[in-house]
Amino acid sequence: MTIAGAGLRGDTFPTVLLAAQAGASWALSDLWLQFAPAVHGFLKSKGSAEPEDLTSDVFLAVFDQLGSFHGDEAAFRSFVFTIAYRRVVDELRKRARRGTTVEWTPDTDPRCTGSAEDEAFDRIGEERARALIEELPVDQRNVLSLRIFGDLTIEQIAEVVGKRPGAVKALQRRGLEALRRKLEATRTPAASSRDSAK
Amino acid sequence: MRTQRITDQQATALLRGRVPQGRDDLEPLSAMVGALRLSSFDAPPQPSAHLAARLDLDRLNWLSASAPGAGAPGCRDLEIAPAVRAGIRKRTLVGWFAGLGVAAQLVLGAGAVTASAAGIGMAGALPPVAQQLFDEAAAAVADTGTLLGLVPEQAPAPVGGTPDVAHRDVTEHADQSDSGSQTVDPEAGEDALHDVDQTSSASDGAGNGDEPESAVSEDKTTQDNASRDKAPKDKAPKDKSGNADKESRGNGKSDTETRAGTPDSGSAAGKQGGGAAEPGDAADDAPGNGAPAKEAADKVAKGDGLAKTSKKSSGDPYP
Numbered sequence: 111m112t113i114a115g116a117g118l119r120g121d122t123f124p125t126v127l128l129a130a131q132a133g134a135s136w137a138l139s140d141l142w143l144q145f146a147p148a149v150h151g152f153l154k155s156k157g158s159a160e161p162e163d164l165t166s167d168v169f170l171a172v173f174d175q176l177g178s179f180h181g182d183e184a185a186f187r188s189f190v191f192t193i194a195y196r197r198v199v200d201e202l203r204k205r206a207r208r209g210t211t212v213e214w215t216p217d218t219d220p221r222c223t224g225s226a227e228d229e230a231f232d233r234i235g236e237e238r239a240r241a242l243i244e245e246l247p248v249d250q251r252n253v254l255s256l257r258i259f260g261d262l263t264i265e266q267i268a269e270v271v272g273k274r275p276g277a278v279k280a281l282q283r284r285g286l287e288a289l290r291r292k293l294e295a296t297r298t299p300a301a302s303s304r305d306s307a308k
Numbered sequence: 014m015r016t017q018r019i020t021d022q023q024a025t026a027l028l029r030g031r032v033p034q035g036r037d038d039l040e041p042l043s044a045m046v047g048a049l050r051l052s053s054f055d056a057p058p059q060p061s062a063h064l065a066a067r068l069d070l071d072r073l074n075w076l077s078a079s080a081p082g083a084g085a086p087g088c089r090d091l092e093i094a095p096a097v098r099a100g101i102r103k104r105t106l107v108g109w110f111a112g113l114g115v116a117a118q119l120v121l122g123a124g125a126v127t128a129s130a131a132g133i134g135m136a137g138a139l140p141p142v143a144q145q146l147f148d149e150a151a152a153a154v155a156d157t158g159t160l161l162g163l164v165p166e167q168a169p170a171p172v173g174g175t176p177d178v179a180h181r182d183v184t185e186h187a188d189q190s191d192s193g194s195q196t197v198d199p200e201a202g203e204d205a206l207h208d209v210d211q212t213s214s215a216s217d218g219a220g221n222g223d224e225p226e227s228a229v230s231e232d233k234t235t236q237d238n239a240s241r242d243k244a245p246k247d248k249a250p251k252d253k254s255g256n257a258d259k260e261s262r263g264n265g266k267s268d269t270e271t272r273a274g275t276p277d278s279g280s281a282a283g284k285q286g287g288g289a290a291e292p293g294d295a296a297d298d299a300p301g302n303g304a305p306a307k308e309a310a311d312k313v314a315k316g317d318g319l320a321k322t323s324k325k326s327s328g329d330p331y332p
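Same order as they appear, the protein sequences are chains A and B.
This note's numbering puts the first residue of the first sequence at 111, with every later residue one more than the last.
This note's numbering puts the first residue of the second sequence at 14, with every later residue one more than the last.
Hints may be right or wrong, so weigh each one.
[Unchecked claim] Computed, partial: chain A to chain B, Cβ under 7 angstroms:
#1 150
#2 151
#3 180
#4 263
These are computed hints drawn from the structure, not numbers from a lab.
Ideal Cβ placement from N, Cα and C applies to all residues, glycine included.
Take the sequences, apply the hints, and build the full model.
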């Protein structure tokens, strides 16, 4: 299943991949357009400081290693996210060693309260969902991010993170349960309430 | 209450942004996952310079613009909250504007400012000074258009309502001088009073041409009014003051005869005579032709009959 971007479908993927392996810029553009948004979302959810730059780095690495790749679209997706996962883990390690300085902006300052409109927009918005995921333990966050953004299977994720499929499945279930509890704890009137229904 | 456990199938549905069947309690969770997946269907980020050198940017732009999200079944399956959709539209619009060049942004901004200012000016809602400038500019543009033949002779009046006011002032003061009353129209202002005074003095000297100075200054004033009155005069007969206006047209004799028979016109129109109103007619006969109108007005002020001047000035269209 294709996730994002325009134009690429399952039947055209082999043609595009062959052209990309031959170095055709149009094919590389198609691959970028199809997979870059998901990789960008995944990197953001993992807490990358510069997700746009890192996405470009990931695709430079992907294009450099295209010659050695064999497989279908699902395998290519797993290939791309494996590189993305390793790159973001590297970045997080470097940041942990060096420490980070973050430029102050009103949007990221928790002391600044947003307008009512912003809060309404963010109620189930992307940023709030991202914040909830970031509160999860790292293993659960990795699995859920790869499932949500990468649309990878349990087996593919097990390959990427180096765990057994059963462990990945358990991490996925625990992560979803934790998210549900967090959502219930911060339930807003817009969310459906089972208590009030009863 | 004991919460139900999430099964593998339900987890798969949830992670695709769907609510599992019979598990409405998981709706907030599926909405949250859907909001996250939405970013996977967003536009790709800006590639770095190194990467852009390897991409076909024209194709990239074309594909991004033509079919964002096309060929993505998950995108069609996903129910997007209206607020999220509005946010995406806002981001897209802002991104589009930010992506424009500086020159294009300046042109767009200047165009928007000009259009809004013109709209407000047309509505007459500008501050007084700005509105006056706008009216003058609009009148000048209309006059220029008439001179160049771009605007037909019977074009609608210039925007702003000034001609109507000026026309009404002249006729009202004619009525006032007719009745001999000393009351002053509070709306008329000093200019209009000045017009009336000059009108009476010019009319006094209209027949003999003894007062060239006052007559010439009056001519300038009435000529200005006449050039503003072009369009409204076409509708003038329907106005309350139409009689005086009608009667002030034409040559001296017929004017006098008509005035005598019209109760509304009275002596004021008689006093006004050919001198005051006729320059306006001369200008009216030659719309937009400033120099002949002035000549005609000067001749009238010096005592020449209107019959001559109107023939001279308006000779071409109506021989």
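Here's how the hints hold up against the structure:
Restraint check, residue 150(A) versus chain B: the minimum CB separation of about 5 angstroms is within 7 angstroms; hint holds. Checking residue 151(A) against chain B: minimum C-beta separation of about 4 angstroms stays under 7 angstroms; hint holds. For residue 180(A), the suggested interface contact is broken, since its CB lies about 21 angstroms from the closest CB of chain B, more than 7 angstroms. Taking 7 angstroms as the C-beta contact cut-off toward chain B, the hint placing residue 263(A) at the interface is violated, the least distance being around 10 angstroms.
The structure is inconsistent with the numbered hints 3 and 4, although it conforms to all the rest.
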